[in-house]
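As given, the protein sequences belong to chains X and D, one line each in that order.
The numbering of the first sequence is this note's numbering, which starts it at 43 and goes up by one.
The numbering of the second sequence is this note's numbering, which starts it at 2 and goes up by one.
Calculated from the structure, these hints are not laboratory results.
C-beta atoms are modelled at their ideal positions from N, C-alpha and C, and glycine is treated no differently.
Example chain D residues on the side facing chain X (calculated, C-beta under 8 Å, incomplete):
id : residue
1  : Leu221
2  : Gly222
3  : Ala223
4  : Arg227
5  : Pro235
6  : Gly236
7  : Trp312
8  : Pro314
Which chain X residues stay away from chain D? Per the calculated CB distances, all over 10 Å, these:
id : residue
9  : Arg100
10 : Leu133
11 : Ala277
12 : Arg311
13 : Asp313
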Amino acid sequence: MPTLELPCYRELEAPVAARFDRIDLRPVVVEVQSLGKIFEAPTGPVETLRDVNFKIRRREFVCIIGPSGCGKSTLVRMLAGLDTPTTGEVLIENQPVTGPGPDRGMVFQGYTLFPWMTVKKNVMFGLQMKNVGADKADSEARQWIDMVGLTRFADSYPHQLSGGMKQRVAIARALANQPKVLLMDEPFGALDSQTRCSMQMYLKQIWMNVDITIAFITHDLDEAILLADRIIVLAAHPGRVIEIINVPLLQPRTPEAMMSPRFLATRKRLDELIHPPKTGTDEDEPDKLPVMRMTLVGDDVL
Amino acid sequence: MSWLVIRQPLDPRKALALKLAAFCIPLAVWCLVSYVPFIWHPEVKLIERGGTRSYVVGGHIPVAAFEVEQKQLHDKGLAPMVGVPINPIFLPPPHEVGRALYTAFTTEPQRKGAPWLHERIVQSIGVLAMGFLLACMVALPLGILCGTYDFFSKMIEPFVDFMRYMPAPAFGALMVAVLGTAGAPKVSIVFIGLFFNMLLVTANTVRSLDVSLLEAAQTLGARGTRLLTRVVIPGSLPMLYTDLRIALGFGWVYLTIAELIGEMSGITEFINQNGKFRNYPNVFTGIIVLGMLGFLTDQILGWLGTKLFPWQPRSKPRRTLKTKSTTVASLALIAGPQPVASGVSHANS
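Starting from the given sequences, assemble the full structure and let the hints guide the process.
Here it is, written out as structure tokens:
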């Protein structure tokens, strides 16, 4: 099988480099400084995150990826203010985060729509918390519901919707508050691959047309390269940033971009980072299993 | 045998037949025992006295004693007694109970000024309603607070958890002393029986609300008491409704005990008085009336629940086991090539 000649994933073509230069001029929305988190477990303290530093600028789309157990969810929960860091701090537009609030909208992996409210009432919830009048909240909510393409379902209950629709409502509900940053914790993880594809395209459309900065947690490497401007790669045990990759492809990316050489180069790099090659000396995860040959001579599968 | 297949629902006609049988079979057994002479009938009901001085007409006499007396009369040359074999007095035949169900409502009470049966029903329901509503009014707010704020939980729940082991009937004498012998101690027994458990169950139900709903609300700007009023309470309502329905079911038991405290009243008094005078068809009537009241109120509340909470999904059709007797077509699917559509539609049936 001929191997592909892949460019270096760090090489940026001129338009892409120019775009990143423009992004660097934008104001910083999220700044994470020396963030660390130690959990008290029965077996002793567990260092979940160590010395995490990064910046997210306005209207950037940043993906945070890493193997399981690397603290991705803990990190995004601390960005949202649902957990407090042990060391370091999170700054939103230079203000430290002290707790959850509507300026940091969040879309969770499990569906957290309020089941006793219709879609419209769900989307109106944040506006009502801001004491926006009922009529104004209603019309604004309808606009957001139209934007995610669920106009016909405005008066349906969450249990009547499919998984993809529920996540669209969750996105609309978070965006209705016009947050400074939209945090998404593996929102498409529970969806089948077809729905996931269309949801990725919808999210791209929303990101391009709405003034929103997105921090997107995922474990799917292709999804990260498809969506993100920059990818923050975490390692596990303890969770720490090992690399921040500027994705060398122009936005917006379509699924066809997944075949381009630069996409594959980036994918290869992420693979190396997330799944380091096994040394073969690990007792629990050996290179090969000690399986005996149990078939007849001559009966080969190859 | 298509009646007994593991985890396979029966077709509606068979299911309906079984539901009817569930009621008809006990009734049939009752009829059998009451009307067919040789199954039981250990006593004899006297129809004609004959020459006996020991027994009266209409009384029940054990068969052995009847025969001894009959022989004695025969020996003395007196007229024999005439009787029919019958079940003991506490198992009246179905038609007598049926008749009593009607006459209990239409017969004037023996004691002047005593309430009629329908008045007793209203009385009993009144006591239960008062006790239940009072318990709700106190237990629900406190329970919700306990389930939401650990402060209240630690302050209230340990004591309530201790109190609930004291059975409500044990408070009878105390309540009569405090509240007199009229209706108040009865309401208090129902209240005590329901209150402590209702508070703990409410607290647990509220506590079990998915915390991610609360976190989502926080990321949308909800804080403090708004979390309680806009998320915790509406989210817990359907489960609290179910808890209250169950509590009401237990309330009927406490009602029955409460009606024995102090001055007996209500349907329980009806049952006891008739029991004292050995009028067992009326005893059965009283028990059946109580059971029907509880059953009907629960059914009405169940229906009401579906109207109040339209967002609760109806029970989803559960996956059933496909076994040999029902999936011959699927075996054919495995055996040979079949169009995919029909296979899929069968698997979903």
